Amino acid sequence: STHLSSFSTQPAFQVQVNTFSASDTSKTAAYDPSKNPTMALTLIMIGVYILLFPLAHYIDKRTASSEKIIAKNEREFFRGLNHTRKMHYEEPRSLHNWKASIALAMRRRHPWFSL
Numbered sequence: 061s062t063h064l065s066s067f068s069t070q071p072a073f074q075v076q077v078n079t080f081s082a083s084d085t086s087k088t089a090a091y092d093p094s095k096n097p098t099m100a101l102t103l104i105m106i107g108v109y110i111l112l113f114p115l116a117h118y119i120d121k122r123t124a125s126s127e128k129i130i131a132k133n134e135r136e137f138f139r140g141l142n143h144t145r146k147m148h149y150e151e152p153r154s155l156h157n158w159k160a161s162i163a164l165a166m167r168r169r170h171p172w173f174s175l
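Start counting the sequence shown at 61; every next residue gets the next number (this note's numbering).
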């Protein structure tokens with residue numbers, strides 16, 4: 061027959077569903093880094109993290125050595141934020157006010173400019 065419904069009676073291929081058996085879950089080859097590159101990469105990344113954490117912690121503590129410097133930077137940041145909001149809502153629009161608010165917005169949102 062030449063009718064289109066004749067094509068739908070027998071599918072040309074069948075998709076098998078993946079099943080798991082007890083032998084699939086008990087294999088230790090999936091966790092062996094020499095046979096599974098994903099596990100090797102995971103172990104390498106965890107190892108690098110563990111090795112570099114003390115160094116990063118030391119550099120962070122040395123950089124932020126003084127609580128007063130941190131508090132001063134936070135005060136300046138929030139004062140600038142409040143000042144730009146005041147400029148936005150109370151003062152007339154000007155190019156100077158716009159540039160100041162854009163500079164602080166970039167400092168707030170962009171990690172490279174926030175330093």
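Derived by calculation from the structure, the hints in this document are not laboratory data.
Note that the structure is predicted; figures quoted are calculated from it, not measured.
From the three backbone atoms N, C-alpha and C, an ideal C-beta is built for every residue, glycine too.
Keep in mind that a hint or two might mislead.
Stated by the list, open to error - Quick list of simulated restraints, FRET-style, between CB atoms:
| no. | residue 1 | residue 2 | range |
| --- | --- | --- | --- |
| 1 | Glu136 | Phe113 | 48 to 58 Å |
| 2 | Leu115 | Thr79 | 24 to 34 Å |
| 3 | Phe138 | Tyr109 | 48 to 58 Å |
| 4 | Ala90 | Asn133 | 25 to 35 Å |
Claimed, not checked - DSS-like mimics (lysine-lysine), calculated; alpha carbons at most 30 Å apart, straight line:
| no. | residue 1 | residue 2 |
| --- | --- | --- |
| 5 | Lys132 | Lys146 |
| 6 | Lys121 | Lys95 |
| 7 | Lys121 | Lys132 |
| 8 | Lys159 | Lys132 |
| 9 | Lys146 | Lys159 |
Legend entry - Non-conforming hints, listed in increasing numerical order: 1, 2, 3, 4, 6
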